[in-house]
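2 protein chains.
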Amino acid sequence: MGVNWESLYTDSARVAQVSPLRDLLRFGSAPDVISLAGGFPAPELFPADAFREAAEAALTTDPGAALQYGPAEGYPPLRAFLADRLTHQGISVSPEEVLITNGSQQGLELVARLLVTRGCQVVAEDPSYVGGLSVFGCHHADYMVVSVDGDGMQVERLEEQLRGEGPKPKLIYALPNFQNPTGNTLSLARRHRLLDLSYRHGIPILEDDAYGELRFEGEHIPSLKSMDSEESVIYMGSFSKILSPGVRLGWLVAKEGVIAHLLGLKLGMDLSANSLTQHVVYRVCSTGMLDGHIEGVKPFYRERRDAMLRGLERHLPAGATWSRPEGGLFVWVRLPEGLDAEEMLAEAVREKVAYVPGMAFHPLKDCSNTMRLNFSAVPVPKIREGVRRLGRVVTRWSEARGSGELPLSGDLRAA
Amino acid sequence: MGVNWESLYTDSARVAQVSPLRDLLRFGSAPDVISLAGGFPAPELFPADAFREAAEAALTTDPGAALQYGPAEGYPPLRAFLADRLTHQGISVSPEEVLITNGSQQGLELVARLLVTRGCQVVAEDPSYVGGLSVFGCHHADYMVVSVDGDGMQVERLEEQLRGEGPKPKLIYALPNFQNPTGNTLSLARRHRLLDLSYRHGIPILEDDAYGELRFEGEHIPSLKSMDSEESVIYMGSFSKILSPGVRLGWLVAKEGVIAHLLGLKLGMDLSANSLTQHVVYRVCSTGMLDGHIEGVKPFYRERRDAMLRGLERHLPAGATWSRPEGGLFVWVRLPEGLDAEEMLAEAVREKVAYVPGMAFHPLKDCSNTMRLNFSAVPVPKIREGVRRLGRVVTRWSEARGSGELPLSGDLRAA
Numbered sequence: 002m003g004v005n006w007e008s009l010y011t012d013s014a015r016v017a018q019v020s021p022l023r024d025l026l027r028f029g030s031a032p033d034v035i036s037l038a039g040g041f042p043a044p045e046l047f048p049a050d051a052f053r054e055a056a057e058a059a060l061t062t063d064p065g066a067a068l069q070y071g072p073a074e075g076y077p078p079l080r081a082f083l084a085d086r087l088t089h090q091g092i093s094v095s096p097e098e099v100l101i102t103n104g105s106q107q108g109l110e111l112v113a114r115l116l117v118t119r120g121c122q123v124v125a126e127d128p129s130y131v132g133g134l135s136v137f138g139c140h141h142a143d144y145m146v147v148s149v150d151g152d153g154m155q156v157e158r159l160e161e162q163l164r165g166e167g168p169k170p171k172l173i174y175a176l177p178n179f180q181n182p183t184g185n186t187l188s189l190a191r192r193h194r195l196l197d198l199s200y201r202h203g204i205p206i207l208e209d210d211a212y213g214e215l216r217f218e219g220e221h222i223p224s225l226k227s228m229d230s231e232e233s234v235i236y237m238g239s240f241s242k243i244l245s246p247g248v249r250l251g252w253l254v255a256k257e258g259v260i261a262h263l264l265g266l267k268l269g270m271d272l273s274a275n276s277l278t279q280h281v282v283y284r285v286c287s288t289g290m291l292d293g294h295i296e297g298v299k300p301f302y303r304e305r306r307d308a309m310l311r312g313l314e315r316h317l318p319a320g321a322t323w324s325r326p327e328g329g330l331f332v333w334v335r336l337p338e339g340l341d342a343e344e345m346l347a348e349a350v351r352e353k354v355a356y357v358p359g360m361a362f363h364p365l366k367d368c369s370n371t372m373r374l375n376f377s378a379v380p381v382p383k384i385r386e387g388v389r390r391l392g393r394v395v396t397r398w399s400e401a402r403g404s405g406e407l408p409l410s411g412d413l414r415a416a
Numbered sequence: 002m003g004v005n006w007e008s009l010y011t012d013s014a015r016v017a018q019v020s021p022l023r024d025l026l027r028f029g030s031a032p033d034v035i036s037l038a039g040g041f042p043a044p045e046l047f048p049a050d051a052f053r054e055a056a057e058a059a060l061t062t063d064p065g066a067a068l069q070y071g072p073a074e075g076y077p078p079l080r081a082f083l084a085d086r087l088t089h090q091g092i093s094v095s096p097e098e099v100l101i102t103n104g105s106q107q108g109l110e111l112v113a114r115l116l117v118t119r120g121c122q123v124v125a126e127d128p129s130y131v132g133g134l135s136v137f138g139c140h141h142a143d144y145m146v147v148s149v150d151g152d153g154m155q156v157e158r159l160e161e162q163l164r165g166e167g168p169k170p171k172l173i174y175a176l177p178n179f180q181n182p183t184g185n186t187l188s189l190a191r192r193h194r195l196l197d198l199s200y201r202h203g204i205p206i207l208e209d210d211a212y213g214e215l216r217f218e219g220e221h222i223p224s225l226k227s228m229d230s231e232e233s234v235i236y237m238g239s240f241s242k243i244l245s246p247g248v249r250l251g252w253l254v255a256k257e258g259v260i261a262h263l264l265g266l267k268l269g270m271d272l273s274a275n276s277l278t279q280h281v282v283y284r285v286c287s288t289g290m291l292d293g294h295i296e297g298v299k300p301f302y303r304e305r306r307d308a309m310l311r312g313l314e315r316h317l318p319a320g321a322t323w324s325r326p327e328g329g330l331f332v333w334v335r336l337p338e339g340l341d342a343e344e345m346l347a348e349a350v351r352e353k354v355a356y357v358p359g360m361a362f363h364p365l366k367d368c369s370n371t372m373r374l375n376f377s378a379v380p381v382p383k384i385r386e387g388v389r390r391l392g393r394v395v396t397r398w399s400e401a402r403g404s405g406e407l408p409l410s411g412d413l414r415a416a
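Just so you know, the sequences run in chain order A and B.
Residues in the first sequence are numbered consecutively from 2, following the working numbering.
Residues in the second sequence are numbered consecutively from 2, following the working numbering.
Note that these hints are calculated values from the structure, not bench results.
The reader is advised that the hints may include incorrect statements.
Chain copies aren't distinguished; within one or between two, either way the pair holds.
[Claimed, not checked] SDA-like, lysine to any residue: derived pairs with alpha carbons at most 25 Å apart:
1. Lys171 - Asp85
2. Lys171 - Ser230
3. Lys171 - Thr118
4. Lys169 - Tyr10
5. Lys169 - Trp6
6. Lys256 - Gly339
7. Lys171 - Arg15
8. Lys169 - Ala14
9. Lys366 - Arg325
10. Lys171 - His141
11. Lys366 - Leu264
12. Lys353 - Ala51
13. Lys353 - Ala401
14. Lys171 - Arg119
15. Lys256 - Ala14
16. Lys353 - Gly120
17. Lys256 - Arg164
18. Lys256 - Arg15
19. Lys171 - Asp12
20. Lys171 - Thr61
21. Lys256 - Trp6
Because the structure is a prediction, the values reported are computed rather than measured.
Work the whole structure out from these sequences, hints included.
Structure below.
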């Protein structure tokens, strides 16, 4: 007697995958493994002193507000700060067009709840951010897949696909800047073309811009939202990569009518944004330190990227290719055909290096020889050594494949 | 040209109601209005010093962890603290059976995502917590409604309804302690009977226990979860009412297999629990101050409840009735038949007193002469004056109804 739980679960609960995102957040744990698997900013660069002072001030000046429920749409001074900052970045908005979210992952969930119905199509880059795919998958979306190259989403291909018959996609999920996982950036010409497609076919764009401020090379390209004359773009930003992910604060930007619906959905999801971290982050930002902090982080990330690219050049065998990002956190590697990055991971972990196999980033889960490497959270000497270890494993597997031998199948859990 | 947003919204987005919860969080804003409308703990009783010290320590000892992504299931020491505390309260659990949530509102959303499908039935108390109803409504549930009396949900009536033909409900949503909105508590005999019904019919119970520790009178009654021999109960708790709502931290307790599915759903919703507030709250709690803090709050709440009950006795006209809670935050008032609490609100606000009309708490929205009053966040002199003002309005409307006169219809926004 009692509850037969398995028989009661919804489809969403059955579909919800623990593994892909969880692995990202876990591999860092074994101390002797060099993890290139995370999606983390460098913790040693967090402005701890600024946070300490801000927390002290927030909890001294107005603890009754910092510890109380706050408005669901966000702490008004923080919304005003963000509206002002976005306006300086070319996205002219009022505070009423900014909704504070519990990290941009909640932004994805809110937009999915707003637009995605079972079986509808979502335009997804291939590869795309696994956390976005996981949300749309949970809402039972189908994908219209568009490959990514060095200039980002191949918008020309999307244009062709949209010429077909049948219902139009409900949403275009775009990561224009230093895309997770490839690090590639959408060119200006393609941005114009993508907006044009959105307007012509009446398809909203979700512009996920978690990394846009982390450009350490090349020229800034205007965001889709800043050029969005028809209000077809929902823009999404986050403090996670530019300040701290632990505060779980992101934002959605859209016209007021859209924000009102997103707010209605958010109310049911968590009632109120996090007062304490909003008060603290607002105080951190109101000192004017944010831009300087970001500038201070960039040289570290650039140096780490350089170390990674040099290591890959030196240690990966012929047939492997990889991206050369001008910002962000990641390099994307394509292994020689026939290698399976998921199979190879167990041996890599035995060699004390970890990465994220690319499969989960492919919307159709149809490509096994890719991997994502993170450079932002790893100091240069460890990147050098980590990529050397990775090179050994890839070379060994590559040669074994070439000679028809298969390496012994490894068990990740035994590693 | 451009996106026709209205045509693209999902049913959930259309259903998501901004107003009911939003009003709760808003009425407190006008400074000359005495608001009995909130659901807030008393901000002047927040342990601000403890938070300040904890924030200082968390950001000094290990800022890299406090500001970084953390495990989605929650900060391990906080899960261990909660498991230990729950075990002392009769709910024997391991840390692996505790999932930290972004407030218990996220717990509601997660459980709905786990179990609720379009058109399935959810057993709801009448009245019930508006935030729960709003979540289940968003997931298009139908309700099997069970009235609440002074001993909580009338479980005998549920038993009768479950005898009928047709599909069984997927979930029983129970608020056994100082239920929001009535403040009433489920008797021990009914608790046993409810568990028995759950086991016999295989229906899980969600035990929402946000207020259970705030008993300031009468004897403690064991939680459903503590007596749940068949693991049919998902238990939900929160720091909001016993420490601080601004930190947005709650917890779900269930057997590990159920927690695994809830975690899968949570990963898609927000990736990771809030590291900063978890580190801070863990440090606040690890000083051992929590039980003493709760004991320190109770006399204030008791005194405020007493003031409210005395005021209602004195100022409300014949025909009005109300609950006499032994804990929690709320008193529930039933006005004389024929009065409409929603209509009357505009005049009440002109008289500088606010409350929450009861309609939104009735699952079927079929009762208009009820209202929820909050006493926890209002000092005694304001409660006295607020209830006096309320009494004036109710008496006037009551007399007008008796004499066939209708008061002038007021516009809330003009007030």
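TODO: Pop the pair Lys171 and Ser230 into one bin, within, between, both or neither, using alpha-carbon distances up to 25 Å.
DONE: So Lys171 and Ser230 pass the 25 Å test inside one copy only (19 Å; across, 47 Å).
TODO: Please work out whether the CA atoms of Lys256 and Arg164 approach to 25 Å or closer within one copy, between two copies, in both situations, or in neither?
DONE: neither (28 Å within a copy, 50 Å between copies)
- [ ] Indicate which option fits the pair Lys353, Gly120 if close means a Cα-Cα distance not exceeding 25 Å: within, between, both or neither.
- [x] neither (41 Å within a copy, 51 Å between copies)
- [ ] First find the shortest C-alpha distance between Lys169 and Ala14 inside one copy, then the shortest across copies, and answer within, between, both or neither for a cut-off of 25 Å.
- [x] Between copies, since 20 Å is at most 25 Å while 27 Å is not.
Task: Status of Gly339 relative to Lys256 across identical chains (alpha carbons, at most 25 Å) - done: Answer is neither; intra-copy 47 Å and inter-copy 42 Å both fail.
Open item on the list: My question is about Lys353 and Ala51: at a cut-off of 25 Å on alpha-carbon distance, are they close within one copy, between copies, both, or neither?
Closed with: neither (35 Å within a copy, 42 Å between copies)
Open item on the list: As a check of your reading, is Lys171 near Asp12 (CA-CA no more than 25 Å) within one copy, between copies, both or neither?
Closed with: both (21 Å within a copy, 14 Å between copies)
- [ ] Pop the pair Lys256 and Ala14 into one bin, within, between, both or neither, using alpha-carbon distances up to 25 Å.
- [x] between (32 Å within a copy, 16 Å between copies)
- [ ] At 25 Å max between alpha carbons, let me know whether Lys171 reaches His141 within a copy, between copies, both or neither.
- [x] both (13 Å within a copy, 21 Å between copies)
Open item on the list: Reference check for the pair Lys171 and Arg119, CA-CA at most 25 Å: within, between, both, or neither?
Closed with: both (11 Å within a copy, 21 Å between copies)
TODO: At 25 Å max between alpha carbons, let me know whether Lys169 reaches Tyr10 within a copy, between copies, both or neither.
DONE: Between copies, since 14 Å is at most 25 Å while 31 Å is not.
- [ ] Using 25 Å as the alpha carbon limit, work out where Lys169 and Trp6 are close: within a copy, between copies, both or neither.
- [x] Classified as between: cross-chain Cα gap 14 Å, same-chain 37 Å, threshold 25 Å.
Of the numbered hints stated above, those contradicted by the structure are hints 1, 6, 12, 16, 17, 20, listed in ascending order.
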